[in-house]
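Undergrad: Spelled out from the first residue to the last, the chains are:
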Amino acid sequence: MTVTHDKTGVPEQRRHQMRVRKRSGDLETVDVNKIVKAVERWVADLDEVDPLRVATKTISGLYDGATTAELDKLSIQTAAELIGEEPQYSRLGARLLAAYVEKEVRQQGVATFSQSIRYAHQLGLIGDETAAFVAANARKLDDAVDENQNLRFEYFGLRTVADRYLLRHPQARTVVETPQYFLLRVACGLSTNPAEAIGFYRLMSSLAYLPSSPTLFNSGTRHTQMSSCFLVDSPKDELDSIYERYHQVAKLSKFSGGIGISWSRIRGRGALIRGTNGRSNGIVPFLKTLDAGVAAVNQGGRRKGAACVYLEPWHPDVEEFLELRDNTGEDSRRTHNLNLANWIPDEFMRRVEADEDWSLIDPSDAPELPDLFGDEFDAAYKAAEKNAVKTVKARDLYGRMMRTLAQTGNGWMTFKDPSNRLSNQTGAPGNTIHLSNLCTEILEVNSDDETAVCNLGSINLGAHITDGGVDWEKLRSTVRTAVVFLDRVIDINYYPSPQAAKSNPRWRPIGLGLMGLQDAFFQLRLPFDSPAAKELSTRVQEEIFLTALESSTGLAEQFGSHPSYAETRAANGDLHHELWGATPSQTERWAALKARIAEHGLRNSLMIAIAPTATIASIAGCYECIEPQVSNLFKRETMSGEFLQINSYLVRELKARGLWTAAIREQIKRAEGSVQGIADLPSEVRELFRTAWELPQRALIDLAAARAPYIDQSQSLNLFMSAPTIGKVSSMYLYAWKAGLKTSYYLRSRPATRIQQATVSVAPAVALPAVALPVVSDEEALACSLENPESCEACQ
Amino acid sequence: MTTTPVTQMLLDPGMDLTLRPMRYPHFFDRFKDAIKNTWTVEEVDLHSDLADLQRLSPAEQHLVSRLVAFFATGDTIVANNLVLNLYQHVNSPEGRLYLSRQLFEEAVHVQFYLNLLDTYVPDERERFEAFAAVENIPSIARKAEFCFKWIDSIYSVRELKTREDRRAFLLNVICFAACIEGLFFYGAFAYVYYLRSRGVLQGLASGTNWVFRDESMHMAFAFDVVDTVRQEEPDLFDAAMEQQVRDMLSEAVECEVQFAEDLLEQGVSGMSLADMREYLQHVADRRLSALGIDPIYGSKNPFAFMELQDVQELSNFFERRVSAYQVGVTGSVSFDDDF
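Protein chains in written order, with the working numbering: chain L, 1 to 796; chain C, 797 to 1135.
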C-alpha cells in the first residue's frame, strides 16, 4: 500500500484497488455492487435507507487485504453509524447483524431450533430437562420459530443480545443459537408443555414483555439461577458472620444476581471488642473487603458483580460511610465498586425538619434497632439516646447525605418506616424489612438465616398502545402470562445460597415491572408532567396490580397459597392500596378479587416492583421503566461498545414538518439533545419532547406517588438535576419523603464541564467563552454576576 | 462597569498578585469549573482491558502499543512547557490559578498513563522501551521534536518585552493548544474511541474520557488567553502571524499523519489511513477557525464514532462507572428551593 504525502491539502484520492481475503484464502477485488446487493436484501420496508451509501462508506474504512468477515462486520458497523442521520439505519444494522449471526450458527451445522438445543446440550450448556423437553417436542417447537420477528429489533437491542445473551461455544466462542432460538430456549426452560412454551415465546419475541436478564441468561441452561435480586440481612456483630456474608455475596454474585446487604448491626469505630479487649476499627475496613470481593466476581463473563450497602443513619460510622464513594482522600477508606444507600427512619426526617439533634448509637448498645420500625423503633431509639456515642445536628447529617448524592449520585434515600408499614409481608410481629436491594425497587423481609430473593420481568407499555389509548385487554393478557412464568421461576430456580433457598419458597414474591412508559406518552402525545399522563400512569398501574393479584389468587386456587400467607396483611383482608388509603377506579373487580383472596389466599406475597430495566429496555427498543427520556440524542456506553440513540418519535415529528435537516440535527447535538431552542417547532411539540433535565422533578415524584398504591414493593425512581445545589436537593428529598415514597434511586447530574465537541462546527473566535459550556449552579451565577455582570452568559 | 482602567496587560512582565479587583474573572471561572471535574486514577478500572488485549488482532495490538508509547511521555511534555513558559508569562494571578490546576491535571494524566503502561506491559524491559519511545520510535520522535522546537523557541526569553517576544510566546501557546493538545491528543483520542466503539479497552476509554474532558478545558483556556491578548494588543495579530500559525498546523498534521502511517501500517478495519488523514485535517481546520483564521483543508470528519463523543452519555451502571458526576457542590440545607 503506498501513501502519498500531500502538502497541498487537496483531499487524497481513494485507493483504487481494494481487495478482500476470502475464507479460501484467495484475494478478490472488492466489488461495490456486491455489497450493495447484500444490503439491499434487508432493506424491504426501510424506504429512507441508501444501500450505496453503506457500501461506499464501508469500503472507505477498509484496508487492502482485509478478510470477508471483517468486511461483513464493517458493513454492520457502518450502517449503525448512520443512525444519527436516519433512524432507519438502526433496523438495517440489526438485520445485517442477524444475518451475520445466523451464518455463524449455520456454519456449525445447526439448521433448526431443536438441533441448536441438542448441540448446546452436547457442549454442556443446556440442562438435561430442557434438552429432553425440546427433543420430545422438536417438530412443534421448530415450526414455532419465526425469524421474521428479527425485523422488530433495533441495532442496539440486537447487538446486546448477540454479544451477551446468546449461548456461545465454550472454546470457539462462536454463538450457537440465533436470537429467536434464544427466546424460545428461555420459554422452554420455564414450560411444562409446548403450547405454553410457544405462547410465552411469542409474547417475548413481540417484545411486549421480557423477563429480567438473569432469566434470559440462564433459563434452560445447566445453571438455572434466574433471580435478579438478593437482599442479605446485616451480618451479626461477630467475625464469623461477617466472613460468612462475604462468601454468600460471592456465590450470589457469580450467578448474575444484584446484591443488597445491610451493615447496620456491626459495631462502630472505637467500640469495645471484649474478646481481645481492643477497640473496633468500625465498618469501613470490612466494607473495603466487601468491595474487593464484589469486584473480583465476574458474572459469567457478562458483567461485573454489583452490590449496594445499606446503613441506618443512627450508626456511629455513618459519616465515614457517606464518604466511601468520594474520589479524594485515603484510598483504603474508599469503596469504588459498592453502591451506598441510607435506610432512614421517619424519626430522622422529623428531626431534620424540626432542626433537632440526632444521636449516633452503637449497635452493640442497642442491637434491637435494625429489627424495629414505627412507634417501637421511635421508643427504642429514644431510650438508647442516653448511651449515644455522639450527638450531631440532624440537618448537618442530612446535608452530608445530600452532598454525597449530589457529588456521586450515590447514597440513595430509602425510607424504613413506609417500606415496612406498607408491606404485605410485615403482617406478623418479628417480620421486618431491613433494607432494599441494589436498585431500590425490592422490599422484602429477611433475617440472619433467610436471604430474600426476587425474580423480575417487565411489560413494555409502548407495545400496548392502539388507536389513541391503552389496549387494556392485551395488557391484561400480558400480565396473566407474565405472572405464571414469574411464579414458575421460584420452583425451577437454582439458589446459590441456602439462605436464599429457604426464603423464596415460603414467600414466593415476584416483581412484575413496567418499561416504555415514555414511549406510551410519546405515542399518545402526553407531556410527561401533564395531569393526563399522571392519570394514565396511575390507571395502568392499577390495572397491572389488579390483574396480577387475580392471577395469583388463581394460582393459589390451583396450587395453594404460599406457605407464609397467614403472616401477611392480605390474610387480614388488607391489600396494599388499602394500606395506602387510595381509592381505586375499578371497585367491582377489586371487591370480587377480595372475595376470591379470602377464599383461596395468594400464591405470591408480593407482585409488583418497577425495576430500572437498563438492559432489557434496550433489547425491547423502548425507554427505561417509568423514566422520562434523558435526551433526544444520547449515546449508550456498555460492554458492547458505544451506541447512538435518537428519539425516533421526534424524528418522525420533525420529518413531518420538513425540519429533519443537517442544520437542525447539529442544533440538537450542540444543545446536548434538547429541542427547546428550535424556534421552528411549536411550543406544544417542544413541551412534549422535553428531557428529564428539563422537566420539573416535582412532577416525577408526583407521578411516582400517584402510582405507588398499586406497587406493593417499590420503584427505581431516578431524579435528575443538571447543576445540583444542597438547597435544591434537600428540598427535593424532603418532598419525596412527605409524598410517601418508600425509596428513591440515583440522583443524576451532569459533568461540570464537558469535552469539546469534535464534530459540530466551531463558533467564531470573538465571543470569549465559546468552547466548553460550563454548567452553572445558582451560587456560581451569583458569584459571576458580581464579578463580571456584563459578560456572564448564565444570566442572559 | 469596570471602574479600574486597564493599565496593565496580560503579557506585561511581572508577578501580579492582586485578585481584587479581578481583571480576568473568566479565568477564575475556568479554575472553579476545572475543580468540579476532579477524578483520580484509582477510579479507572483497567481489569477488563487485559482480556481485551489478548483478543486484539496483531494489527490492533501494534496500534495499541504505539499509542501507549506516545501517551507515556505526551503529557509530561505539556506539563514541562506549562511550567517553563506559560506560567512565567501569563501575568494574572487568576490565570495562574488555572494553570496550577492544569498542572495538577497533567500530573494525573501522567499517573494514569503510567498506571496504564504498568498494567498493559507487564514485562519490565518492554516497559522501559515504551518510555524510551520518544527517542527510539521514529514516528513518535518526530512528534517530540516538533514539540521541543516550540518549547525551545521561547525558553530563553525571561520577559516578554518586545512585540516579537510576545508573538513568539503566542505561537508557543497556540502550538501547545492547537497542535499538541488540540491535534496530537485528538488524534490519539480517535484511536481510543475507535477501539471503544468496537467494545474493547473500556478502561483505557473511560480514563481517556476524563483526560479528553480535561484537555478540552486546557485548550479552551489557552484560546481564551489568545483572545484576551488579541483584545488587549490587536496589532500583534497580522497576516504574517496568521501564516505562521497555518504553517505550524500543516506541519503538525504531517507529523500526526506519519504517526498514523506507523500505527495503521498492518491494516485496521474501520480505520483507514485515508480516513485518519481526513480526520486530522478536519481537526486542524477547526483549530484555525477557533483562532479566527481561514481553514486550510476543507475536510470533513469521516469518523462516525467521533460523533458519539459529542452526545450525552448514559451508562448502564451495572457495566461501567458513570463519569458524569460533580465535585464541589455548594449550598446549605433548605426546604423551599425550587426543583
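A hint or two may mislead.
Calculated pairs, EDC-like style, for lysine to aspartate or glutamate (alpha carbon to alpha carbon, straight line, at most 16 Å) [to be verified]:
| # | chain 1 | residue 1 | chain 2 | residue 2 |
| --- | --- | --- | --- | --- |
| 1 | C | K832 | L | E319 |
| 2 | L | K390 | L | D326 |
| 3 | L | K288 | C | E839 |
For each label pair, taking beta carbons as the anchor points, the in silico distance ranges come out as [stated by the list, open to error]:
| # | chain 1 | residue 1 | chain 2 | residue 2 | range |
| --- | --- | --- | --- | --- | --- |
| 4 | C | Q850 | L | A662 | 37 to 47 Å |
| 5 | C | E1047 | L | P285 | 47 to 57 Å |
| 6 | C | A937 | L | G278 | 55 to 65 Å |
Please keep in mind that the hints were generated in silico from the structure rather than gathered at the bench.
Every residue gets a Cβ at the ideal spot worked out from N, C-alpha and C, and that includes glycine.
Undergrad: Taking the hints in turn, state whether each one holds.
TA: We went through each hint and held it up to the structure:
1. K832/C / E319/L: violated, 22 Å
2. K390/L / D326/L: violated, 23 Å
3. K288/L / E839/C: Holds, at roughly 14 Å.
4. Q850/C / A662/L: 37 to 47 Å: Check passed, 41 Å falls within 37 to 47 Å.
5. E1047/C / P285/L: 47 to 57 Å: holds, 55 Å
6. A937/C / G278/L: 55 to 65 Å: holds, 59 Å
In this structure, the hints that do not hold are numbers 1, 2, in rising order.
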